[in-house]
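A.B. asks: Chain by chain, the residues run as shown.
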Amino acid sequence: MELEKFNYDNKIVRNFAYATLIWGVIGMLVGLTAASWLAYPDFFNEYLNFKILAFGRIRPLHTNAVIFAFVGNGIFTGVYYSLQRLLKTRMASDLLSKVNFWGWQLIILGAVITLPMGFTSSKEYAELEWPFDIAIALIWVAFGANMIWTIIIRRVQHMYVAIWFYIATFVTVAMLHIFNSMALPISLMKSYSAYSGVQDALVQWWYGHNAVAFFLTTPYLGLMYYFVPKAANRPVYSYRLSIIHFWALIFLYIWAGPHHLLYTSLPEWAQSLGTVFSVMLIAPSWGGMLNGLLTLRGAWDRVRDDAVLKFMVVAITAYGMSTFEGPLLSLKNVNIISHFTDWTVAHVHVGGLGWNGMMTFGMMYWLFPKMWKTELFSKKLANVHFWIATVGILFWTLPLYWAGFMQGLMWQEFNPDGTLTHEFIDTVTFLSPYYQMRVLGGTLYLTGAIIGTYNLFKTTTIGTFVADEAAEAAPLNKNSRFANEGWHGALERKPVKFIILSFVAVAIGGAIEIIPVSIVDSNIPTIASVKPYTPLELEGRDIYIREGCNNCHSQQIRPVRFETVRYGEYSKAGESVFNHPHLWGSKRTGPDLAREGGKRGDYWHYEHMQNPKGLSKGSLMPAYPWMRTDDLDISMTEKKISAMRTLGVPYEEGYEAQALADLQAQAEKITKEIVSKMEADFTKEELEAKFEELKTKEIIALTAYLQRLGQDIKVEK
Amino acid sequence: MQIIYLLIGVSFSIALFFLASFLWAAKNGQFDDDYTPSVRMLFDDEVEKENINK
Chain W
1 MELEKFNYDN
11 KIVRNFAYAT
21 LIWGVIGMLV
31 GLTAASWLAY
41 PDFFNEYLNF
51 KILAFGRIRP
61 LHTNAVIFAF
71 VGNGIFTGVY
81 YSLQRLLKTR
91 MASDLLSKVN
101 FWGWQLIILG
111 AVITLPMGFT
121 SSKEYAELEW
131 PFDIAIALIW
141 VAFGANMIWT
151 IIIRRVQHMY
161 VAIWFYIATF
171 VTVAMLHIFN
181 SMALPISLMK
191 SYSAYSGVQD
201 ALVQWWYGHN
211 AVAFFLTTPY
221 LGLMYYFVPK
231 AANRPVYSYR
241 LSIIHFWALI
251 FLYIWAGPHH
261 LLYTSLPEWA
271 QSLGTVFSVM
281 LIAPSWGGML
291 NGLLTLRGAW
301 DRVRDDAVLK
311 FMVVAITAYG
321 MSTFEGPLLS
331 LKNVNIISHF
341 TDWTVAHVHV
351 GGLGWNGMMT
361 FGMMYWLFPK
371 MWKTELFSKK
381 LANVHFWIAT
391 VGILFWTLPL
401 YWAGFMQGLM
411 WQEFNPDGTL
421 THEFIDTVTF
431 LSPYYQMRVL
441 GGTLYLTGAI
451 IGTYNLFKTT
461 TIGTFVADEA
471 AEAAPLNKNS
481 RFANEGWHGA
491 LERKPVKFII
501 LSFVAVAIGG
511 AIEIIPVSIV
521 DSNIPTIASV
531 KPYTPLELEG
541 RDIYIREGCN
551 NCHSQQIRPV
561 RFETVRYGEY
571 SKAGESVFNH
581 PHLWGSKRTG
591 PDLAREGGKR
601 GDYWHYEHMQ
611 NPKGLSKGSL
621 MPAYPWMRTD
631 DLDISMTEKK
641 ISAMRTLGVP
651 YEEGYEAQAL
661 ADLQAQAEKI
671 TKEIVSKMEA
681 DFTKEELEAK
691 FEELKTKEII
701 ALTAYLQRLG
711 QDIKVEK
Chain Y
718 MQIIYLLIGV
728 SFSIALFFLA
738 SFLWAAKNGQ
748 FDDDYTPSVR
758 MLFDDEVEKE
768 NINK
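Sequences listed follow chains W and Y, in order.
Start counting the first sequence at 1; every next residue gets the next number (the numbering used here).
Start counting the second sequence at 718; every next residue gets the next number (the numbering used here).
Rather than coming from a laboratory, the hints here were simulated on the basis of the structure.
No residue lacks a Cβ here, since even glycine has one placed at the ideal position from N, Cα and C.
Just to be clear, a hint being listed does not mean it is correct.
Unchecked claim - Quick list of simulated restraints, FRET-style, between CB atoms:
no.	chain 1	residue 1	chain 2	residue 2	range
1	W	52	Y	744	48 to 58 angstroms
2	Y	725	W	416	26 to 36 angstroms
3	W	662	Y	740	36 to 46 angstroms
4	Y	732	W	374	38 to 48 angstroms
5	W	152	Y	740	13 to 23 angstroms
6	W	53	Y	744	50 to 60 angstroms
7	Y	732	W	476	21 to 31 angstroms
8	Y	744	W	94	30 to 40 angstroms
9	Y	744	W	276	29 to 39 angstroms
10	W	465	Y	725	32 to 42 angstroms
11	W	135	Y	740	46 to 56 angstroms
12	Y	725	W	476	34 to 44 angstroms
13	Y	725	W	613	21 to 31 angstroms
Said to hold, decoys possible - Taking lysine to aspartate or glutamate pairs in the DMTMM-like style, the calculated list, with each CA pair at most 25 angstroms apart, reads:
no.	chain 1	residue 1	chain 2	residue 2
14	W	370	Y	761
15	W	690	Y	761
16	W	373	Y	749
17	W	88	Y	761
To be verified - From chain W, some residues computed to sit far from chain Y (all C-beta separations above 12 angstroms):
no.	residue
18	175
19	194
20	433
21	629
22	672
23	714
Full structure from sequences and hints, please.
C.D. replies: Here it is in structure tokens:
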């Protein structure tokens with residue numbers, strides 16, 4: 001058979017590699033800023049108290065940047081390099097490759113701008129507002145179409161296991177993203193989740209967990225199966241095991257999401273389902289981990305000399321550790337300690353810094369010399385990077401494991417007389433030294449990343465970049481087309497295309513059938529006393545979302561004594577039926593707020609937002625002075641009421657007409673209460689001026705919302 | 718909790734998609750040889766002189 005000559009597209013790989021490194025450094029820098037906030041809150045409150053730098057806004061920026069910008073571009077780098085070589089085929093469309101690259105970078109740029117501005121949907125790892133959600137879906141499909149098209153025109157009949165991981169990544173992430181992002185837009189940068197309360201929480205964590213599974217895990221496993229054998233120059237330990245690994249992993253992963261909602265008001269059977277599948281996941285995860293490590297059997301001496309292999313060994317080991325820990329954390333008796341604490345944060349950073357980070361850099365150190373046809377600029381610097389990063393991971397995670405474990409136990413501790421041993425704030429001040437150690441760990445890791453980026457950049461200057469790498473391979477022997485076959489006949493001979501089209505058909509059909517049912521039915525409140533928010537509370541809730549309060553405060557009290565004694569009656573599913581989106585949260589850097597309403601006076605909240613530390617000694621909370629000076633935006637209040645009604649919240653027909661009047665009346669009531677507490681310090685005229693000035697401010701709406709929390713089912717004493 | 722029907726539906730569709738892919742792959746002979754592919758991927762015959770440098 002005649003050999004065909006063609007070129008591999010290295011340019012797209014290079015572009016994605018540059019983007020990975022640049023966004024990686026930026027994403028980690030933002031993470032370091034967020035970590036510093038918690039370690040040195042006084043410094044930040046004193047000197048860096050800007051809206052766009054508040055913890056609640058930069059934490060989502062950090063997670064989005066490292067997941068979608070750093071790891072996302074890392075995925076594309078590895079896939080675009082390996083797919084072409086595994087299939088002996090250039091990417092099917094250079095145009096789609098470019099659309100994928102520039103589209104993805106623009107979305108990231110959009111995130112960098114809009115997240116600090118407070119445009120957020122509040123859903124974890126999916127904070128970007130709806131126009132970006134649509135853009136992500138389109139660009140993702142461009143990537144998938146390019147990949148599948150390339151697979152269809154491939155020159156190698158057999159699809160190497162890495163390609164299976166790439167396909168699963170594309171298909172599943174597309175589905176997860178679309179269903180989790182269902183929302184009703186109010187304006188260009190504001191929307192409400194289509195789901196509410198417990199349903200929204202379930203969709204969110206079905207997505208959230210699978211973002212870990214199919215964005216941070218499966219694509220990187222594909223990269224592992226390509227780059228580890230390549231770097232070691234020996235075949236994977238067991239190809240058969242890799243196939244079993246793949247199929248077992250993807251069938252189990254999708255059901256594990258509810259383990260993020262243990263002890264919440266999610267029905268117990270759903271929680272148990274999540275636990276069972278999470279525990280089962282250890283088998284394929286460890287199968288894959290061992291398969292990766294054993295690939296180096298007989299070549300361990302090379303690990304001593306080769307920085308690429310060092311990075312990969314630590315990456316795979318970190319994968320093994322976090323997939324061992326994951327099932328453990330899914331057990332209810334472990335989860336009751338770990339949930340809402342920094343333990344979870346440490347867990348994800350073993351995965352993020354260890355598995356994704358180290359694998360990315362290992363891959364880059366291998367790729368750059370290949371594509372620039374040279375040696376790495378400095379092997380010594382690569383080793384320095386390796387050790388700084390590895391020590392950085394230890395400094396990062398170990399203190400936080402300890403901090404989380406201790407905080408979880410402190411929350412549970414009772415005195416012999418049945419009272420709680422520790423105030424919440426005691427468990428916060430306890431964490432301070434650990435937070436400082438984390439800053440050190442993060443600084444080390446970031447320093448390593450900068451050294452690595454410098455080393456790779458220098459490598460490009462000493463080598464010559466091969467933009468189009470020549471290759472040759474025999475074409476695939478395709479069946480000849482029958483003369484009179486119809487379109488379906490042609491489709492039947494193209495199984496990939498056929499499967500995808502039928503899958504899309506099934507999914508669309510299912511969605512159309514089920515979404516309306518789920519929306520309509522969920523409107524029926526299971527608790528009669530639970531009422532929709534007043535217009536002012538609704539606006540206050542949107543401020544809560546904008547400032548990202550849910551990044552540090554949960555609104556979900558677990559049904560165990562140490563929680564109910566501290567916070568009050570445990571949370572019921574019926575309480576959040578009108579919450580589009582839910583705001584249960586996943587972390588308690590500050591205390592739970594599910595029953596905050598009525599615990600303190602309006603004036604307390606007014607003062608607390610200005611000076612958290614003044615009212616709560618040792619508090620890490622940022623001050624929000626702009627809430628006292630910024631006017632509440634009421635231009636969309638009526639629209640918001642209508643939107644909520646469309647989503648099924650039972651506002652009376654025509655209530656929009658009265659909404660603003662109600663809003664003002666409630667605002668005046670709260671302002672009067674606040675101003676009355678200042679009587680000792682001001683004259684009557686000054687108080688009146690204060691009242692007029694304050695009643696239109698954001699702080700009033702936020703106070704209204706906070707005072708409403710948990711009031712619906714409060715029993716009067 | 719009606720949302721569970723949606724999630725189960727979507728998750729099942731994905732599972733069905735993977736099942737169909739698996740059956741196709743098995744029938745297509747993708748798994749007949751569980752050794753050669755692991756070695757073949759190591760060989761990228763470089764056609765050095767024809768590279769277009771930029």
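A.B. asks: Now tell me, hint by hint, if it's right for this structure.
C.D. replies: Each hint tested on the structure:
Between residue 52 of chain W and residue 744 of chain Y the beta carbons are some 56 angstroms apart, a value that agrees with the proposed interval 48 to 58 angstroms. Here the CB-CB span from residue 725 of chain Y to residue 416 of chain W is close to 48 angstroms, at odds with the stated 26 to 36 angstroms. Residue 662 of chain W and residue 740 of chain Y have their C-beta atoms about 60 angstroms apart, which leaves the hinted 36 to 46 angstroms range violated. A hinted range of 38 to 48 angstroms for the beta carbons of residue 732 of chain Y and residue 374 of chain W is consistent with their spacing of about 46 angstroms.
In this structure the hint that residue 152 of chain W and residue 740 of chain Y lie 13 to 23 angstroms apart at CB holds, the actual value being about 19 angstroms. A hinted range of 50 to 60 angstroms for the beta carbons of residue 53 of chain W and residue 744 of chain Y is consistent with their spacing of about 57 angstroms. For residue 732 of chain Y and residue 476 of chain W, the Cβ-Cβ distance of about 29 angstroms falls inside the hinted range of 21 to 31 angstroms, so the restraint holds. Taking the beta carbon of each, residue 744 of chain Y and residue 94 of chain W are about 33 angstroms apart, inside 30 to 40 angstroms as hinted.
At roughly 31 angstroms, the beta carbons of residue 744 of chain Y and residue 276 of chain W sit within the given window of 29 to 39 angstroms. For residue 465 of chain W and residue 725 of chain Y, the hinted distance range of 32 to 42 angstroms is not satisfied, since their beta carbons lie about 49 angstroms from each other. Checking the proposed 46 to 56 angstroms range against residue 135 of chain W and residue 740 of chain Y shows it is violated: the Cβ atoms sit about 35 angstroms from each other. Between residue 725 of chain Y and residue 476 of chain W the CB atoms are about 38 angstroms apart, so this pair conforms to the stated range of 34 to 44 angstroms.
Between residue 725 of chain Y and residue 613 of chain W the beta carbons are some 47 angstroms apart, a value that contradicts the proposed interval 21 to 31 angstroms. Restraint check for residue 370 of chain W and residue 761 of chain Y: satisfied, since their Cα atoms lie roughly 12 angstroms apart, inside the 25 angstroms limit. A threshold of 25 angstroms between alpha carbons decides the hint, and for residue 690 of chain W with residue 761 of chain Y the separation of about 76 angstroms lies outside it, so the pair is violated. Restraint check: the Cα-Cα separation between residue 373 of chain W and residue 749 of chain Y comes to about 36 angstroms, which exceeds 25 angstroms; the hinted pair is violated.
A threshold of 25 angstroms between alpha carbons decides the hint, and for residue 88 of chain W with residue 761 of chain Y the separation of about 9 angstroms falls inside it, so the pair holds. The beta carbon of residue 175 of chain W sits about 6 angstroms from the closest Cβ of chain Y, which is not more than 12 angstroms, so the claim that it is off the interface is violated. Its closest Cβ contact with chain Y, about 10 angstroms, brings residue 194 of chain W to no more than 12 angstroms, contrary to its assignment away from the interface. At roughly 42 angstroms from the closest C-beta of chain Y, the C-beta of residue 433 of chain W stays outside 12 angstroms, upholding its exclusion from the interface.
With a least CB separation of 40 angstroms from chain Y, residue 629 of chain W remains clear of the 12 angstroms interface cut-off, as annotated. Residue 672 of chain W, annotated as away from the interface, keeps every beta carbon of chain Y farther than 12 angstroms; the closest lies near 42 angstroms. Even its closest Cβ contact with chain Y, about 25 angstroms, leaves residue 714 of chain W beyond 12 angstroms, as expected for a residue assigned away from the interface.
Figure legend: structure checked against the earlier numbered hints; hints not met, in rising order: 2, 3, 10, 11, 13, 15, 16, 18, 19.
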